[in-house]
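Visitor: Residues per chain are reported as follows:
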Amino acid sequence: EAAVTQSPRNKVAVTGGKVTLSCNQTNNHNNMYWYRQDTGHGLRLIHYSYGAGSTEKGDIPDGYKASRPSQENFSLILELATPSQTSVYFCASGDWGGAGQLYFGEGSKLTVL
Amino acid sequence: AQSVTQPDARVTVSEGASLQLRCKYSYSGTPYLFWYVQYPRQGLQLLLKYYSGDPVVQGVNGFEAEFIKSNSSFHLRKASVHWSDSAVYFCAVRGGSNAKLTFGKGTKLSVKS
Numbered sequence: 018e019a020a021v022t023q024s025p026r027n028k029v030a031v032t033g034g035k036v037t038l039s040c041n042q043t044n045n046h047n048n049m050y051w052y053r054q055d056t057g058h059g060l061r062l063i064h065y066s067y068g069a070g071s072t073e074k075g076d077i078p079d080g081y082k083a084s085r086p087s088q089e090n091f092s093l094i095l096e097l098a099t100p101s102q103t104s105v106y107f108c109a110s111g112d113w114g115g116a117g118q119l120y121f122g123e124g125s126k127l128t129v130l
Numbered sequence: 003a004q005s006v007t008q009p010d011a012r013v014t015v016s017e018g019a020s021l022q023l024r025c026k027y028s029y030s031g032t033p034y035l036f037w038y039v040q041y042p043r044q045g046l047q048l049l050l051k052y053y054s055g056d057p058v059v060q061g062v063n064g065f066e067a068e069f070i071k072s073n074s075s076f077h078l079r080k081a082s083v084h085w086s087d088s089a090v091y092f093c094a095v096r097g098g099s100n101a102k103l104t105f106g107k108g109t110k111l112s113v114k115s
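Quick note, the sequences are listed as chains A and B, same order. For the first sequence, the numbering used here assigns the number 18 to the initial residue and increments by one for each residue that follows. For the second sequence, the numbering used here assigns the number 3 to the initial residue and increments by one for each residue that follows.
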């Protein structure tokens, strides 16, 4: 079974602080993704990666950075957190052999006060 | 650009009734299409996927979807719903070799007994 692990699962941060959300996958997938989920918006893509050393902007990258230091790890970085970044963040991994699919982590709930 | 529209934010059906959740996509080429389900406080899980071949695809737990190219639609169906089907359902599209997967806003399904 494919496994994607996110940490922390819950985080409370202060406005202006730095937040790092981490994601680890044991699937040996090339592609990894960060989405945020908000009521009324569904899942929106923040950043994604094709492999170690690569990061790509998704649909809503402003205010976020991403880092892919290895095949297994993909981090989402909020350098100056704002209350509007309060959300649930999901990491996913996948490969596109055939039609492919994404495997999701269980989510990280971030509250910025 | 690619996009997905799920016109129904909420759907309520009685247990044992049939179900259709609507999805329309926008993509100029041949899309990869997916339906995912999210149970409370969990990540997303794949229900079914389509790229080519028979336009009616079968998924897990009795779900199926039909790709209608002329209508740019990929509606999800189930003949008889169970209370455990209550969840949020997301339609998603990916285009060609691009790794970017775009989700709709989701439809929250409530099954009443």
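Since the hints were made in silico from the structure, they are not lab data. What you are looking at is a predicted structure, and each value in this text was computed from that prediction instead of being measured. A virtual CB, placed ideally from N, CA and C, is assigned to each residue, including glycine. Please note: incorrect hints may appear among the correct ones.
Said to hold, decoys possible - Here are the computed lysine-lysine pairs in the DSS-like style, where the Cα-Cα straight-line distance is at most 30 angstroms: (1) Lys107(B) / Lys74(A); (2) Lys28(A) / Lys110(B); (3) Lys51(B) / Lys35(A); (4) Lys114(B) / Lys74(A); (5) Lys35(A) / Lys102(B); (6) Lys126(A) / Lys71(B); (7) Lys71(B) / Lys35(A); (8) Lys102(B) / Lys28(A); (9) Lys82(A) / Lys114(B); (10) Lys51(B) / Lys26(B); (11) Lys126(A) / Lys110(B); (12) Lys28(A) / Lys107(B); (13) Lys74(A) / Lys26(B); (14) Lys110(B) / Lys35(A); (15) Lys71(B) / Lys82(A).
To be verified - Anything over 10 angstroms on all C-beta distances counts as not near chain A; from chain B, calculated: (16) Leu46; (17) Trp85; (18) Ser112.
Visitor: A separate judgement is required for each hint: does it hold in the structure or not?
Guide: The hints, checked one at a time:
Taken as a hint, the Lys107(B) and Lys74(A) pair is honoured in the structure, with Cα atoms around 20 angstroms apart against an allowance of 30 angstroms. The straight-line distance between the Cα atoms of Lys28(A) and Lys110(B) is roughly 26 angstroms, inside the 30 angstroms bound, and the hint therefore holds. Note on Lys51(B) and Lys35(A): the hinted pairing is violated, with a Cα-Cα distance of about 38 angstroms set against a maximum of 30 angstroms. Using a Cα cut-off of 30 angstroms, the hinted pair Lys114(B) and Lys74(A) is violated, with the two alpha carbons roughly 41 angstroms apart.
A C-alpha spacing of about 27 angstroms is found between Lys35(A) and Lys102(B), which places the hinted pair at or below 30 angstroms, so the restraint holds. About 38 angstroms separates the Cα atoms of Lys126(A) and Lys71(B), which puts this hinted pair outside 30 angstroms; it is violated. For the suggested pair Lys71(B) and Lys35(A), the alpha carbons sit about 46 angstroms apart, so the restraint of at most 30 angstroms is broken. Simply put, Lys102(B) and Lys28(A) have alpha-carbon atoms about 27 angstroms apart, close enough for the 30 angstroms limit, and the pair holds.
About 43 angstroms separates the Cα atoms of Lys82(A) and Lys114(B), which puts this hinted pair outside 30 angstroms; it is violated. Distance check on the hinted pair: Lys51(B) and Lys26(B) sit about 15 angstroms apart at the alpha-carbon level, within 30 angstroms; holds. With a CA separation close to 20 angstroms, the supplied pair Lys126(A) and Lys110(B) stays within the 30 angstroms bound. For a cut-off of 30 angstroms, the pair hint linking Lys28(A) to Lys107(B) stands: about 25 angstroms separates their Cα positions.
As the CA atoms of Lys74(A) and Lys26(B) are separated by approximately 24 angstroms, the hinted pair is consistent with the 30 angstroms bound. Taking the CA atoms of Lys110(B) and Lys35(A), the gap is about 33 angstroms. The hint is violated against a cut of 30 angstroms. Proximity of Lys71(B) to Lys82(A) is assessed by CA-CA distance (about 37 angstroms); at most 30 angstroms being required, the pair is judged violated. With a closest Cβ-Cβ approach of about 5 angstroms to chain A, Leu46(B) is found to fall inside the 10 angstroms limit, against its non-interface label.
No Cβ of chain A approaches the Cβ of Trp85(B) within 10 angstroms, the least distance being about 23 angstroms, so the stated non-interface status holds. Consistency note on Ser112(B): stated as away from chain A, and its beta-carbon is indeed over 10 angstroms from all of that chain's, at 16 angstroms minimum.
Checked against the numbered hints given earlier, this structure breaks hints 3, 4, 6, 7, 9, 14, 15, 16; the rest are met.
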